[in-house]
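The listed protein sequences derive, respectively, from chains A and B. End of the first sequence sits at 661 in our numbering; the numbers just go up one at a time, nothing left out. End of the second sequence sits at 160 in our numbering; the numbers just go up one at a time, nothing left out.
Simulated from the structure, these hints should not be mistaken for lab results. This one's a predicted model, so the numbers in the text were calculated from it and none came from an experiment. Warning: the hint list may mix true and false statements.
Below 25 angstroms or equal to it, Euclidean Cα-Cα: the simulated BS3-like pairs (lysine-lysine) are [what the hints assert, rightly or not]: (1) K116/A with K469/A; (2) K415/A with K469/A; (3) K422/A with K116/A; (4) K469/A with K634/A; (5) K75/B with K54/B; (6) K415/A with K8/B; (7) K335/A with K8/B; (8) K75/B with K340/A; (9) K448/A with K415/A.
Covered stretches of chain A, as calculated for chain B (at least 3 residues, CB under 8 angstroms) [claimed, not checked]: (10) 336–345; (11) 376–383.
Positions of the beta carbon are idealized from the N, C-alpha and C atoms, including for glycine.
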Amino acid sequence: MTPELGQLALILAMLLALAQSILPLVGAWRGNRALMAVARPAAAGQAVFVAMAFAILAWAFLRFDFSVQYVADNSNLALPWYYRFAAVWGAHEGSLLLWILILNVWTVALAAFSQKLPEVFASRVIAVMGLIAVGFLAFIIFTSNPFGRLLPMPGDGADLNPVLQDPGMTMHPPMLYMGYVGFSVAFAFSVAALLGGELEQAWVRWARPWTNLAWAFLTCGIVAGSWWAYAELGWGGWWFWDPVENASFMPWLVGVALIHAQAVTEKRGSLRAWTILLSIFAFSLSLLGTFLVRSGVLTSVHAFASDPRRGVFILAFLTIVVGGSLLLYALRAPKVLGGKPFQVVSRETALLISNLMFAVAAAMVLLGTLFPLIGDALNLGRISVGPPYFGFLFPLLMLPVVLLLPFGPFLRWGKGDMPVLKQLLLRAGIAAAACAIVAAFLVDSQPKAIAGMAALVWLVVGVLLYALKRWREMPRGRRYPAEMAGMLLAHLGVGIFVAGVLLSESLSVTRDVRMAPGEAQRIGSYDFRFDGVHHTTGPNWTADQGTVTVTRSDKTIAVMHPQKRTYPRGQVQTESAVDAGVTRDLYVALGEPMDANDIEGAWALRLYYKPFVRWIWAGGLLMMLGGLVCATDKRFRLKRSAGAETGTHAADGPLAQEARA
Amino acid sequence: MPMNPTRKRRLTIVLAILAAAAVAAVLVVLALQNNMNYLLTPSQVQSGEAAGYKTFRLGGMVKAGSIQRSGDSLKVTFTVVDAGGAMPVEYTGILPDLFRDNQSVIATGHMDGARFVATEVLAKHDETYMPKELKDAMAKAHEGKQIKEAGNGESGMENR
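Working from the sequences, and respecting the hints, build out all of it.
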């Protein structure tokens with residue numbers, strides 16, 4: 001009975017979502033306050049019913065209700081409770097339910113914190129969020145019902161895909177979705193602004209922390225996914241330019257551009273139309289990401305089995321959202337233009353350049369990812385674009401960003417002065433060059449590694465010089481407001497990340513070897529000794545577990561236990577063993593036994609030495625932290641009723657001080 | 001025409017966008033040309049469609065019982081089949097977890113005489129999943145020829 005209640009809750013939620021979107025839009029159009037006032041209660045009601053549906057599905061998983069098809073497909077009696085809970089979003093139907101739940105979390109937060117926005121604007125924003133909810137709820141109800149019954153009820157279920165049975169993977173989808181869906185807030189803001197034909201700087205200021213927060217979650221989701229791919233897939237790589245990875249990376253890139261464009265619009269009023277366009281694109285790419293992952297139109301390592309009807313539905317939804325919002329943009333954007341002029345050497349220009357680079361990078365990734373579809377449509381044959389395409393173009397596009405990054409904060413709004421920049425160029429440049437020369441001796445003249453050291457020093461020295469300048473020139477307490485601190489942290493993160501990428505890519509050693517028990521391999525200064533494989537069991541798997549002892553000049557560094565697990569339905573899953581360190585990771589994965597009948601004999605092993613690989617995720621986490629810290633800035637909270645504050649006043653308030661800083 | 005600041009700024013922006021777009025377009029075309037990988041099935045390769053591609057991707061099913069491991073190195077040979085063709089493949093390294101008989105795989109590599117030397121072999125994470133392009137390719141190869149024998153590829157696809 002309960003699963004049917006879940007289904008019913010979803011239908012009620014959809015009806016409320018319809019009320020939440022249509023009535024306030026009509027109210028805002030006709031100036032009817034009673035209709036506008038429907039927005040918040042309807043949003044709250046929708047959230048209650050969606051949460052109820054989610055809880056019912058989770059409950060079905062926890063108490064092994066295999067009469068529900070989705071539960072029977074994705075869990076079994078042996079699966080531990082935490083993976084049963086994570087299995088709620090382990091496949092298509094449940095992950096959409098998670099999507100809509102997260103959308104409701106964002107909507108309720110928005111409804112709660114938007115009391116000080118003008119009523120017309122706030123009700124439009126909530127209504128747009130409601131429209132998105134209608135689309136996704138219809139998708140769930142009509143094509144992907146998670147509560148479908150399976151009768152007669154089987155005695156035991158199938159299994160959660162073994163690659164998903166990992167702590168990193170349980171975190172990955174919720175974080176990613178928090179990011180994807182979080183961009184809907186900026187999107188709803190832009191659409192509401194276009195509908196109303198005006199965009200006040202105060203509103204953009206109010207929208208900024210939401211975008212930062214969404215972007216931080218997306219960063220966290222991508223980092224978790226990358227870490228999972230590294231630890232779980234047994235290839236030791238951290239990024240593969242796979243379509244599904246690209247799907248999450250495109251909104252991230254546009255999100256970076258959006259965060260910076262919003263800063264310009266909020267402080268100077270410039271680039272309004274561009275900011276609106278970016279927020280439309282960020283959310284559209286989030287939807288496209290969902291579409292790519294869920295429809296199976298592209299060949300990907302991560303793709304899931306799928307139903308073509310679903311692809312068509314998402315495609316139609318995507319067309320309506322992208323087409324509709326771009327049409328609205330074309331009709332209304334000229335109305336919201338404005339802002340202060342700026343000169344060629346100014347902070348605006350620097351931000352604009354970085355914006356363009358990120359937008360072009362997102363377009364480049366989009367083209368490479370969708371090219372197989374284009375090729376198919378043009379009858380070019382079945383083509384895919386290899387990782388070298390991305391590997392060549394992406395660093396090229398990011399090079400100007402990395403070079404310009406330290407200058408950005410030093411530039412003033414409107415008009416920058418050259419001497420400061422020259423001084424910075426000299427100091428950070430000399431430091432970077434000096435370190436590169438020193439590095440050249442340490443890393444056997446590997447150009448990539450040298451570039452990595454130089455980039456690290458260039459970025460970090462640039463950021464620190466600016467932090468020092470603030471320290472010297474600003475009075476105590478005003479030196480590092482949250483917004484500033486967040487920016488410094490995120491920019492430091494870029495430095496750490498770039499260094500991690502270049503150093504680990506160039507200095508890594510990978511070796512696939514055949515090893516008999518007792519044999520050893522030397523990689524760098526580490527000796528890997530293979531001590532054989534024995535059988536072991538876990539809660540819901542059995543495994544061949546190897547023992548590899550790593551020594552360095554006769555001192556034991558680590559004893560590692562890579563596994564080859566077999567799950568109940570015969571799925572095989574490699575569990576690599578990683579010995580983590582700040583300057584290097586040691587990594588061992590089991591291949592296959594050379595003789596399938598003799599697991600105690602020789603095995604194929606994959607051994608890695610990965611210097612500085614951890615810096616990649618550390619950099620990503622710093623960026624995330626930067627986004628979070630930035631979002632907490634007090635300046636972003638509405639103090640007065642925003643209706644009383646006009647755009648020009650807003651720009652002359654705390655912003656002008658910022659500009660003088 | 002007088003250049004007021006707004007107009008000047010817009011012109012700068014437009015020029016910057018144009019320049020960036022031009023450079024990006026040239027580079028993208030260049031990079032695409034060098035990195036396009038075609039997916040072919042064994043029967044397409046045997047009918048000569050692979051001529052002209054140095055590197056391409058071979059897609060199909062692993063023929064049951066064809067996997068042979070060398071005793072003293074990591075070299076593996078196996079046969080990839082589709083409805084109308086078969087292609088011996090050689091690979092040195094560690095195969096993915098889901099690699100097994102009757103599994104759909106995509107191997108990247110080049111032809112060396114009559115055999116395909118793979119540098120990378122992918123099998124899918126989700127065991128019920130078959131890449132759409134592979135399904136299409138195999139369906140297309142199917143159309144062209146009468147099915148002479150119900151290959152192993154077919155039995156592998158049936159349980160979907």
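Consistency of the hints with the structure:
1. Note on K116/A and K469/A: the hinted pairing is violated, with a Cα-Cα distance of about 36 angstroms set against a maximum of 25 angstroms.
2. A hinted pair counts as satisfied when its Cα atoms are at most 25 angstroms apart, and K415/A with K469/A qualifies at roughly 19 angstroms.
3. This hinted pair does not check out: K422/A and K116/A have alpha carbons roughly 45 angstroms apart, beyond 25 angstroms.
4. Only pairs whose Cα atoms come within 25 angstroms are accepted, and K469/A paired with K634/A is accepted, the gap being roughly 23 angstroms.
5. The straight-line distance between the Cα atoms of K75/B and K54/B is roughly 22 angstroms, inside the 25 angstroms bound, and the hint therefore holds.
6. Between K415/A and K8/B the CA atoms are separated by roughly 14 angstroms; this keeps the pair inside 25 angstroms, and the hint holds.
7. A hinted pair counts as satisfied when its Cα atoms are at most 25 angstroms apart, and K335/A with K8/B qualifies at roughly 20 angstroms.
8. For a cut-off of 25 angstroms, the pair hint linking K75/B to K340/A is broken: about 66 angstroms separates their Cα positions.
9. With a CA separation close to 36 angstroms, the supplied pair K448/A and K415/A exceeds the 25 angstroms bound.
10. For a cut-off of 8 angstroms, the count of residues in the segment 336–345 of chain A with a CB near a CB of chain B stands at 3, and the three-residue condition holds.
11. Counting residues of the segment 376–383 of chain A whose C-beta sits closer than 8 angstroms to any C-beta of chain B gives 4, which meets the bar of three, so the coverage hint holds.
Hint compliance for this structure: hints 1, 3, 8, 9 are not met, and every other hint is.
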